[in-house]
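Enquirer: Sequence:
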Amino acid sequence: MMYFIKIGVIIGCFFFVGACDNKRVGNVSIPDQVSYNLHVRSILSDNCFACHGPDANKREAGLRLDNEEDAYKALTETQHAHGIVPGNPKSSEVYLRMITLDENDRMPPIESNLSLTDLEIKTIEKWIKQGAEYEPHWAFVPPIKSELPKLKIQNWAESEIDYFILSKMEGSGIKPNFEADKEMLLRRVSFDITGLPPSEDLMRRFMDDKDESAYIKVVDELLDSKAYGEHMAMFWMDISRYADTHGYQDDYYRTQWPWRDWVIHAFNENLAFDQFITWQLAGDLLPDADKEQLLATGFNRNHKITEESGAIDEEYRVGYVIDRTNTIGKAMIGITMECAQCHDHKYDPITQKEYFQLYAFFNSVAEFGIEEDTPGFSKKSPAKYPLLDITDEDVNGILSFINMPDPTELVKPVLGLKKGRNFDILEAEASKLRVSVMGDLETPRTTYLLERGGYDAHGEEVFPSTPDQILPFNKNYPKNRLGLSQWLFDTNNPLTSRVFVNRVWQNIFGKGLVSTPGDFGMQGSLPSHPQLLDWISVDFMENGWNVKNLIKQIVLSSTYRQSSVVNSEHKNLDPENSYYSRFSRNRIPAENIRDLVLSSSGLLVPIVGGPSVKPYQPKGLWEMASSGRGNTSEYVQDTGMALYRRGLYTFIKRTVPPPTMILFDASNRDECQVERNPTNTPLQALVMMNDPTVLEASRVFASQLLTEGSPIDVLIERAFSRIVNRKPEEKEMRVLKEYFHKSADLLTKNIGSAEKILDIGEYPQDNKIDVVKQAALMQVISLIYNMEETITKS
Numbered sequence: 052m053m054y055f056i057k058i059g060v061i062i063g064c065f066f067f068v069g070a071c072d073n074k075r076v077g078n079v080s081i082p083d084q085v086s087y088n089l090h091v092r093s094i095l096s097d098n099c100f101a102c103h104g105p106d107a108n109k110r111e112a113g114l115r116l117d118n119e120e121d122a123y124k125a126l127t128e129t130q131h132a133h134g135i136v137p138g139n140p141k142s143s144e145v146y147l148r149m150i151t152l153d154e155n156d157r158m159p160p161i162e163s164n165l166s167l168t169d170l171e172i173k174t175i176e177k178w179i180k181q182g183a184e185y186e187p188h189w190a191f192v193p194p195i196k197s198e199l200p201k202l203k204i205q206n207w208a209e210s211e212i213d214y215f216i217l218s219k220m221e222g223s224g225i226k227p228n229f230e231a232d233k234e235m236l237l238r239r240v241s242f243d244i245t246g247l248p249p250s251e252d253l254m255r256r257f258m259d260d261k262d263e264s265a266y267i268k269v270v271d272e273l274l275d276s277k278a279y280g281e282h283m284a285m286f287w288m289d290i291s292r293y294a295d296t297h298g299y300q301d302d303y304y305r306t307q308w309p310w311r312d313w314v315i316h317a318f319n320e321n322l323a324f325d326q327f328i329t330w331q332l333a334g335d336l337l338p339d340a341d342k343e344q345l346l347a348t349g350f351n352r353n354h355k356i357t358e359e360s361g362a363i364d365e366e367y368r369v370g371y372v373i374d375r376t377n378t379i380g381k382a383m384i385g386i387t388m389e390c391a392q393c394h395d396h397k398y399d400p401i402t403q404k405e406y407f408q409l410y411a412f413f414n415s416v417a418e419f420g421i422e423e424d425t426p427g428f429s430k431k432s433p434a435k436y437p438l439l440d441i442t443d444e445d446v447n448g449i450l451s452f453i454n455m456p457d458p459t460e461l462v463k464p465v466l467g468l469k470k471g472r473n474f475d476i477l478e479a480e481a482s483k484l485r486v487s488v489m490g491d492l493e494t495p496r497t498t499y500l501l502e503r504g505g506y507d508a509h510g511e512e513v514f515p516s517t518p519d520q521i522l523p524f525n526k527n528y529p530k531n532r533l534g535l536s537q538w539l540f541d542t543n544n545p546l547t548s549r550v551f552v553n554r555v556w557q558n559i560f561g562k563g564l565v566s567t568p569g570d571f572g573m574q575g576s577l578p579s580h581p582q583l584l585d586w587i588s589v590d591f592m593e594n595g596w597n598v599k600n601l602i603k604q605i606v607l608s609s610t611y612r613q614s615s616v617v618n619s620e621h622k623n624l625d626p627e628n629s630y631y632s633r634f635s636r637n638r639i640p641a642e643n644i645r646d647l648v649l650s651s652s653g654l655l656v657p658i659v660g661g662p663s664v665k666p667y668q669p670k671g672l673w674e675m676a677s678s679g680r681g682n683t684s685e686y687v688q689d690t691g692m693a694l695y696r697r698g699l700y701t702f703i704k705r706t707v708p709p710p711t712m713i714l715f716d717a718s719n720r721d722e723c724q725v726e727r728n729p730t731n732t733p734l735q736a737l738v739m740m741n742d743p744t745v746l747e748a749s750r751v752f753a754s755q756l757l758t759e760g761s762p763i764d765v766l767i768e769r770a771f772s773r774i775v776n777r778k779p780e781e782k783e784m785r786v787l788k789e790y791f792h793k794s795a796d797l798l799t800k801n802i803g804s805a806e807k808i809l810d811i812g813e814y815p816q817d818n819k820i821d822v823v824k825q826a827a828l829m830q831v832i833s834l835i836y837n838m839e840e841t842i843t844k845s
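Just so you know, the sequence shown maps onto residues 52 to 845 in the numbering used here.
What the hints contain is simulated information worked out from the structure, not anything from laboratory work.
All values reported here derive from a predicted model rather than from experimental measurement.
Careful, some of the hints might be misleading.
[As the list claims (entries may be wrong)] Pairs of lysine-lysine residues, derived as PhoX-like cross-links and limited to a Cα-Cα distance of at most 20 Å, are as follows:
#	residue 1	residue 2
1	Lys268	Lys562
2	Lys483	Lys342
3	Lys800	Lys778
4	Lys404	Lys530
5	Lys277	Lys788
6	Lys788	Lys778
7	Lys778	Lys261
8	Lys203	Lys177
9	Lys562	Lys483
10	Lys530	Lys219
11	Lys226	Lys622
12	Lys277	Lys622
13	Lys219	Lys201
14	Lys141	Lys196
15	Lys233	Lys268
16	Lys233	Lys603
[What the hints assert, rightly or not] Each pair of labels, with its calculated beta carbon distance range:
#	residue 1	residue 2	range
17	Met838	Val765	39 to 47 Å
18	Pro160	Phe514	37 to 45 Å
19	Asp341	Lys530	21 to 29 Å
20	Gly681	Asn118	29 to 37 Å
21	Lys404	Glu111	44 to 52 Å
22	Asn525	Met838	33 to 41 Å
23	Val765	Ser250	17 to 25 Å
Even for Gly, the Cβ is constructed at its ideal location relative to N, Cα and C.
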């Protein structure tokens with residue numbers, strides 16, 4: 052990681068400065084004007100701040116280098132010496148210690164296993180010569196909506212976004228890519244807005260629509276679909292660490308899915324982002340709070356809960372408060388607050404006291420640390436409390452968005468399937484819904500700074516507040532979670548809008564304008580397009596925190612509509628696509644891979660919301676990793692329609708998360724996660740080739756096509772179009788037809804093999820269809836599902 056950060060500093064000389072002087076170190080030039088933010092801070096942060104940064108407890112020699120006032124001071128341990136003397140490197144102890152040959156005096160010290168490159172030392176030297184001017188950290192300065200850059204290439208920019216993107220390309224001699232063809236653009240935008248491939252009807256209407264506004268109409272249609280809210284909720288589940296079990300040892304079931312239904316509803320209703328967050332943080336504190344606002348606060352009750360009776364109650368209760376504090380840091384303001392739990396932050400100007408001042412907002416929830424429902428348990432309110440009881444009246448009224456299904460409806464037979472095996476569980480749940488929500492004690496708990504983060508190591512008393520370096524807490528705000536939300540959405544808060552806008556950009560383009568979405572601090576990456584990030588962030592606030600408008604703004608841009616085809620210029624001048632000179636090729640998320648398979652095959656049951664479901668899973672996983680106790684010790688697979696729900700609704704047991712999704716990099720929901728780190732492993736190929744859902748979908752899809760009676764060429768082309776969302780090329784058709792006929796020839800000689808291939812999944816087999824043709828076509832469809840392009844958004 053250190054290596055890549057240092058390389059980023061070198062590249063920064065070109066990305067952010069432009070002209071360089073004649074002085075070179077190796078093959079890299081030092082910029083004409085050295086900037087503290089762009090060139091120096093990361094060097095000091097990586098190599099010096101651990102001992103000479105914000106953490107006073109770990110500070111050596113009384114020298115602090117993260118602010119100019121302390122860096123310029125006379126050293127306490129070396130008479131008449133100063134750490135940094137602006138304009139004079141040879142009088143600056145910092146520089147002298149970097150170049151000394153005496154290993155006992157050299158900095159960083161040998162035992163730290165850190166070292167400075169020649170380029171880094173020369174950069175520090177030049178910065179000191181130029182006056183050693185410090186700059187406030189870019190992310191702690193409120194964003195400004197700058198004027199749009201002037202462009203050489205005219206008529207390419209469709210939106211303000213394009214001005215900033217094209218200006219950066221022009222500055223590096225790069226031209227934008229041509230626009231993607233209509234088929235690929237439709238597939239791309241459909242996955243980005245709904246998480247589903249476009250339907251045949253939508254594909255036909257879009258391809259036939261020659262109007263200039265055809266694409267805009269499609270975008271509006273997708274944003275208005277219920278699937279939009281489901282797709283947006285999928286990302287929010289990672290952030291909110293939503294799961295269906297407690298997460299410790301016995302890992303009991305918990306009912307939080309009505310809160311998930313609210314998230315879907317909120318996105319579909321386009322609830323303004325400031326309200327979306329406020330309701331989740333402090334819906335219970337709003338004047339005359341209704342049940343919808345109370346339900347929204349389930350966000351901060353999604354954390355893991357222990358049900359181990361031998362645990363120390365206070366230890367776990369404190370752990371829950373810490374989880375909420377860290378989640379606010381990572382999810383809302385993009386700061387690694389957790390680093391200040393045990394001591395002052397080593398890199399960012401956040402003290403341990405400020406950490407526990409933020410912690411104080413969440414410390415008075417009327418909860419306990421242990422969840423145990425046994426009769427002998429002494430606590431009146433176990434860990435799941437406070438609870439919100441949801442009645443039939445609520446579901447028929449203010450909470451009408453909750454999908455409280457009739458158990459017989461959700462698991463009803465599909466063409467003869469028997470009643471679902473989880474029928475009794477659903478029937479019991481339908482009789483009473485109780486969701487964990489927020490609710491404070493009448494008398495607030497006293498909050499202490501916890502020495503070294505120990506749950507019982509009480510230090511000084513602290514009161515609710517926020518880090519001053521980000522934005523001082525307004526004295527007019529109430530000192531509760533509602534006041535915290537007001538602080539988050541203060542127009543002078545430099546982080547809230549930037550962090551969310553960056554995350555939306557990341558979900559669409561595969562990486563954020565800031566590539567470290569959970570860390571906008573000193574150790575985080577610099578924005579690749581700082582003016583663009585700030586322009587969109589201010590515009591987002593000016594438009595009333597309108598999420599749908601933000602997404603529409605991005606997907607209508609020429610930047611977004613570019614083809615993903617890579618030419619030689621891209622390879623040479625923009626190999627990592629840092630300038631967005633083309634659209635990046637990214638694998639679709641784990642849940643959407645399932646959605647694609649079910650949707651294209653016709654198996655998807657488009658019910659919105661409701662309880663989580665248990666699809667096919669290798670036998671014995673839960674049992675092997677379980678304590679053998681509790682109501683999730685055994686995996687009871689669902690049947691009927693519940694087998695064909697979207698990936699969003701798959702039951703997540705924290706100790707044994709869904710294996711297929713984990714293999715495709717989904718979160719196990721242990722903690723707040725703001726990005727998924729993509730991997731590429733052989734197990735992913737094995738899943739696509741052998742997963743019962745993929746094979747069953749291939750079988751059912753083949754059956755549906757064969758009932759049409761069309762020639763095999765037509766059926767293969769239609770299958771390809773529904774899965775990959777484009778017409779196959781001649782070469783592709785030739786390969787697929789040859790594969791079909793070879794498979795049919797082999798299976799004709801062994802009907803038993805054909806029957807065995809088709810014996811997969813619970814969806815009933817149509818016995819009127821020719822077994823050999825169906826098995827052969829099933830093999831072809833399975834092959835299409837296993838194409839790299841199928842699970843790639845390009």
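Enquirer: Out of the numbered hints, which ones does the structure contradict?
Expert: 1, 3, 5, 8, 9, 10, 12, 14, 17, 20, 21, 22
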